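Residues in the sequence shown are numbered from 0 upward in steps of one, following numbering that gives the first Met the number 0.
Quick caveat, the hints were computed from the structure, so don't treat them as lab data.
Computed from a prediction, not measured in an experiment: that's the story for all the values here.
Among the clues, some could well be false.
Said to hold, decoys possible - In silico lysine to any residue, SDA-like type, Cα no more than 25 Å apart, as pairs:
1) Lys345 <-> Asp369
2) Lys377 <-> Glu283
3) Lys370 <-> Val402
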Amino acid sequence: MSLLPVVLAGGAGSRLWPLSRQLYPKQFLSLDGGLTMLQKTLGRLDGLDTQAPIVICNEEHRFLVAEQLRQIDVCDSQLLLEPVGRNTAPAIALAALAATQDGEDPLLLVLAADHLVEDIAPFHDSIKKAQSLAELDYLVTFGVVPTSPETGYGYIHQGASLEPGFSVRRFVEKPDAVTAAGYVESGEYLWNSGMFLFRASRYLEEIAHFYPDMLHACHQAMAQIKKDLDFTRIDKDAFAQCEDISVDYAVMEKTQHAAVVPLSARWSDLGAWSSIWELSDKCEAGNSYHGDVIQEDTRNTMLRSESRLVAAIGLEDLVIIETKDAVLVADRHKTQDVKKIVERLKSEGRDEFNNHCVVYRPWGRYESIDKGQRYQVKRITVNPGAKLSVQMHHHRAEHWIVVSGTAEVTNGETTSLVFENESTYIPIGQVHALKNPGTLPLELIEVQSGSYLGEDDIVRFEDQYGRV
Numbered sequence: 000m001s002l003l004p005v006v007l008a009g010g011a012g013s014r015l016w017p018l019s020r021q022l023y024p025k026q027f028l029s030l031d032g033g034l035t036m037l038q039k040t041l042g043r044l045d046g047l048d049t050q051a052p053i054v055i056c057n058e059e060h061r062f063l064v065a066e067q068l069r070q071i072d073v074c075d076s077q078l079l080l081e082p083v084g085r086n087t088a089p090a091i092a093l094a095a096l097a098a099t100q101d102g103e104d105p106l107l108l109v110l111a112a113d114h115l116v117e118d119i120a121p122f123h124d125s126i127k128k129a130q131s132l133a134e135l136d137y138l139v140t141f142g143v144v145p146t147s148p149e150t151g152y153g154y155i156h157q158g159a160s161l162e163p164g165f166s167v168r169r170f171v172e173k174p175d176a177v178t179a180a181g182y183v184e185s186g187e188y189l190w191n192s193g194m195f196l197f198r199a200s201r202y203l204e205e206i207a208h209f210y211p212d213m214l215h216a217c218h219q220a221m222a223q224i225k226k227d228l229d230f231t232r233i234d235k236d237a238f239a240q241c242e243d244i245s246v247d248y249a250v251m252e253k254t255q256h257a258a259v260v261p262l263s264a265r266w267s268d269l270g271a272w273s274s275i276w277e278l279s280d281k282c283e284a285g286n287s288y289h290g291d292v293i294q295e296d297t298r299n300t301m302l303r304s305e306s307r308l309v310a311a312i313g314l315e316d317l318v319i320i321e322t323k324d325a326v327l328v329a330d331r332h333k334t335q336d337v338k339k340i341v342e343r344l345k346s347e348g349r350d351e352f353n354n355h356c357v358v359y360r361p362w363g364r365y366e367s368i369d370k371g372q373r374y375q376v377k378r379i380t381v382n383p384g385a386k387l388s389v390q391m392h393h394h395r396a397e398h399w400i401v402v403s404g405t406a407e408v409t410n411g412e413t414t415s416l417v418f419e420n421e422s423t424y425i426p427i428g429q430v431h432a433l434k435n436p437g438t439l440p441l442e443l444i445e446v447q448s449g450s451y452l453g454e455d456d457i458v459r460f461e462d463q464y465g466r467v
């Protein structure tokens with residue numbers, strides 16, 4: 000029986016700030032300059048007999064997901080949009096309902112979009128072993144064989160043999176160092192990976208038993224879905240009635256049919272910068288490097304630059320992460336607390352928790368270059384064939400200077416081409432649109448001026464991405 004991958008791509012990844020932001024969280028990042036974490040999650044399924052995946056994501060991330068899937072030629076996936084976050088148990092229930100709506104009852108392979116799994120052969124081997132148990136109606140989780148007494152992971156205490164896996168005796172929360180060392184020494188405990196394999200109908204049966212109100216809400220939410228381009232929108236009011244709870248708490252810790260299959264592969268949930276440092280290539284002094292960095296007399300430190308030179312002297316056991324608008328300097332052993340900084344930024348109304356200087360849109364991206372009291376300058380990139388919405392602004396005028404490519408500009412009743420080194424002016428209140436009719440990216444500089452420059456000063460009349 001083929002597997003139906005269900006990829007959970009809705010997390011915020013706040014512990015990897017400032018690289019991870021609310022509107023561009025870690026699952027969409029490339030931490031090594033190659034594929035993003037979402038793309039690697041789907042890529043490591045190559046070689047398995049799988050159906051087109053279901054990807055569940057936040058509504059705000061839908062175009063990021065679609066573009067990243069397009070880049071790796073995954074064009075037949077089902078994209079379910081969560082209108083509000085309700086944790087993993089309701090999200091998987093949505094996927095199970097979507098998978099069974101045509102009378103099918105596949106095995107769901109549930110994966111997080113933001114985990115690292117290396118050593119693909121043992122990963123595939125564990126999935127095949129788990130498949131045999133799932134076909135016997137077990138709800139299977141994958142337990143990573145621990146390589147150290149890690150205190151940042153939950154543990155699974157394995158029970159009686161269920162060849163090729165084990166029953167689950169109990170799930171254990173993140174332990175202290177002494178307890179974790181005892182777990183590893185006993186050989187009876189595995190790291191809780193947060194990956195699962197079970198038949199869709201069996202999961203729904205367990206939800207119906209333990210959380211019938213949740214299942215009812217998910218049924219109502221799926222009964223009122225709306226198709227929007229390639230996305231499936233879930234009814235917000237119905238789904239919001241679900242309890243916010245993880246699949247571990249809702250099902251796996253309660254069911255009498257949990258099984259665990261050991262996974263002997265290099266795995267991490269990449270939950271903090273310290274985890275990434277541990278997995279990175281390091282110099283003899285224990286330093287990991289990314290970008291334009293230099294150091295003197297520095298040991299066991301992570302140095303990451305995204306936009307400028309970072310220099311370190313006489314440091315030890317630190318994490319230094321530089322982006323265009325923020326720099327994090329932290330004790331390497333306290334990077335789990337980065338989320339506290341993010342919470343402060345959010346409570347103080349600062350945008351650094353939410354967005355980067357570079358903001359991605361379905362048509363391309365823009366980067367804030369400079370900003371004053373009554374002006375803002377942006378660098379805008381429009382993808383080939385893409386078009387911004389037909390729109391107007393109540394409080395700002397815009398000047399566009401084409402740097403590279405050709406722009407098709409609608410300015411009131413007139414549509415014309417604007418070429419490289421030419422410019423145009425959009426007055427306040429003028430209905431306008433911008434399109435890239437060419438085959439290469441369109442680059443332009445936008446200078447906004449006016450009494451209010453917020454992104455919410457947009458009235459859309461037409462939009463090919465469904466944002467009217």
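So, going through the hints one by one against the coordinates:
no.	hint	result
1	Lys345 <-> Asp369	holds, 22 Å
2	Lys377 <-> Glu283	violated, 42 Å
3	Lys370 <-> Val402	holds, 20 Å
Of the numbered hints listed earlier, the single one contradicted by the structure is hint 2.
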